[in-house]
Amino acid sequence: MEIEQRLRPLLLQGLEGDSNAYQRFLKELSAHLRAFLRRRLAQRPDEVEDLVQETLLAVHNQRHTYRHDMPVTAWAHAIARYKLIDWLRSHAVKGALDVPLDDAQELFSSSDSDAAQARRDLGLLLQTLPERQRLPIVHMKLEGLSVVETARLTGLSESAVKVGVHRGLKALAARIRGTA
Amino acid sequence: MKTDDLIGLLAQDAEPVASHAIEQRFAVAALAGLGGGLVLMLVLFGVRPGVVQDMALPMFWGKLVFAGLLAAGGLAVLRRLARPGMGLGHSLALLALPPLVLWGLAAVALGQAGAGERLPLVLGSTWRSCAFNIAALSLPALVASLWALRGAAPTRLAWAGAGAGLLAGALGTLAYALHCPEMAAPFLAVWYLAGMALPTLAGAWLGPRVLRW
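Respectively, the protein sequence lines represent chains A and B. Residues 1 to 180, numbered by the working numbering, are exactly what the first sequence covers, in order. Residues 1 to 213, numbered by the working numbering, are exactly what the second sequence covers, in order.
Note that these hints are calculated values from the structure, not bench results. Predicted, not measured: the structure shown is a model, and the values here were computed from it. Please note that a few of the clues may not be correct.
Not everything, but these chain A residues come out facing chain B in the computed CB check (under 10 Å) [claimed, not checked]: (1) Gln-62; (2) Met-70; (3) Val-165.
Where is the CB? At the ideal position from N, CA and C, for every residue including glycine.
Excised from the complex, chain B in its bound form (with noise of 0.2 Å):
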């Protein structure tokens, strides 16, 4: 086929575009990984049962927030990344501020606390299964970004899998967090962060294999 007769083919296919149609697609699947999420923590750990009185704590809805704002910036980065020729701008600000905030809030609890307690206040009571909690409440959503990029045209490819992994961190983390006992920044600002850490990892090294295009 001549180059020419493939532009006069092409042109035939000529529909009309709708110009977000990107954003529409990543809201979609933000919403089916955050309800997959929710529903994997209701069949494996179960909502925390004193969920209702933690409901009084500041950090309860500090925790949710700080998950919020960074599947915000997750988002933000993502449907830059996932168009051609598109800087990240200052979406990456975006991203570092919540994590900066809570090793902010984690280091002056360290410093007020006496020296016996700061240990307790990192490792808390479920250390050693939160991070891996996290990650696995953040498959449904790693899945479902995944998806979304593959309408899209990212040119980096381990980036664009990074951006998806750590939106799903942020998902998988808000459905956590109706689970997690914890409280303390100092907790939050290890174990939180390793958890949303996990699928990014996964998402750089899913990129060039999954996103090609």
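Same shape as in the complex, but just chain A (with noise of 0.2 Å):
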């Protein structure tokens, strides 16, 4: 399939640490996120780019379960399927368990890469972090400083900053269970 051919190289490669590569992946993914969330979530279409955010952060923060001898597509496709079926079970949607056993082409039948407004700010979420998270993450990229730049302005050492980010992201997935 042409999308695995082209997501493969790219996911792999930022595995290995290319932050390019990495964003593509992301870049592309998002964007078949969001038409597959779009026709699942029909009824609530203020929700889908919530969701999408919160699907990027778990592949995010799950990318080390990725196999290297698995479809990039089956893989992620579990990843969005999951999420929205936890996110239907905890707004109490009825048929959450009939959330149809789709197959990964459907997630990649189609793409959207129009992002809409979020109605989550992850930006307010992120202010709940503590400060040794909250600012590598506010001052590597909502500032664009590099790691050095970020290590010296907030007095952590470079490792510090890089853990910081790190755990920032996953405290902040857990946030947004927590106000799920």
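Need the complex rebuilt from these two chains, each delivered in its own frame; the hints are there to steer you.
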């Protein structure tokens, strides 16, 4: 499958630490996620972008569960499906158990790069993280500083900055579950 | 935060990832669980005094092989359940084999025994406590393997919890075999499996409660 051949090298490079390839992987995946979730959540269009973000965060935090000999499409689809069912359950939506047993192709059959505004602001959730996680994320991402600059600015060591971003993203995913 | 900003943020955190991180975590959990079970066995029950003589009996080793194979099968199932989109493959067959062989041995033993000897073969002298003792010794491994799963992404939470419980039961059985005096296949076929079923059921119940991600 064409998508598999395109996404797989990008993810593999990303898993080796190539930030650019990884960004392209996430970008393309997000378009497929959006189209997939928009179809499944036709009654709740406002929630789609929230769930796209939550799923991306899950893909990122669970990227160590990807095994190199399995199709990326099957892996990503299983995560998207899990997040969708989890969301439907925690919102007590009737029919949560009736999510059709579609296959991986279903996730990649269409794509939608038109990001709507998310309802839940991850930026606000970010404010609730402890400083040593929040500051590295804010400086590096939102202000575009490098690890070295962020370390100098915050007085944290470079490895503490990296660990802070890493733990912060895990904590963010946990906060989303807490507020779901 | 816009989705593109989030993607940029995630890409910043593209640290290299070890491809066998999950296997390592399960290995640590299994060793810690087995160690915990052994310590608990020493504290609660003690090694059986005649254990050195027992080592001459094939069934002593048979019990260890049985529990060891089930632990290996449990690990094989778990590492698949821990990854999204991975089917179970043939790993379930690996799990089914040891009990089937044991039941076969038990059936043969019961068939050869006289009518009055059958019930004693099944009940042994410790049938009241055996399953509960195994379940108790499997507790450290249950905690450890659920911990390992929490570092992964199981999508079928009850099944993943059951797999963790089964692995824990097998490791608890390994520890208990050093205390347990029973050597008859019919006894093992009933009570050892019952002892493993308890943590398996507990894991299936706990899975959806503690494994969400």
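Double-check Gln-62/A for me: the hint is only fine if its C-beta lies closer than 10 Å to a C-beta in chain B. Hint on Gln-62/A: holds, closest Cβ of chain B at ~4 Å, below 10 Å.
Taking the closest Cβ pair, is Val-165/A under 10 Å from chain B? 5 Å, holds
Once the shortest beta carbon distance from Met-70/A to chain B is found, is it less than 10 Å? 6 Å, holds
Comparing the model with each earlier hint shows no violations; every hint is respected.
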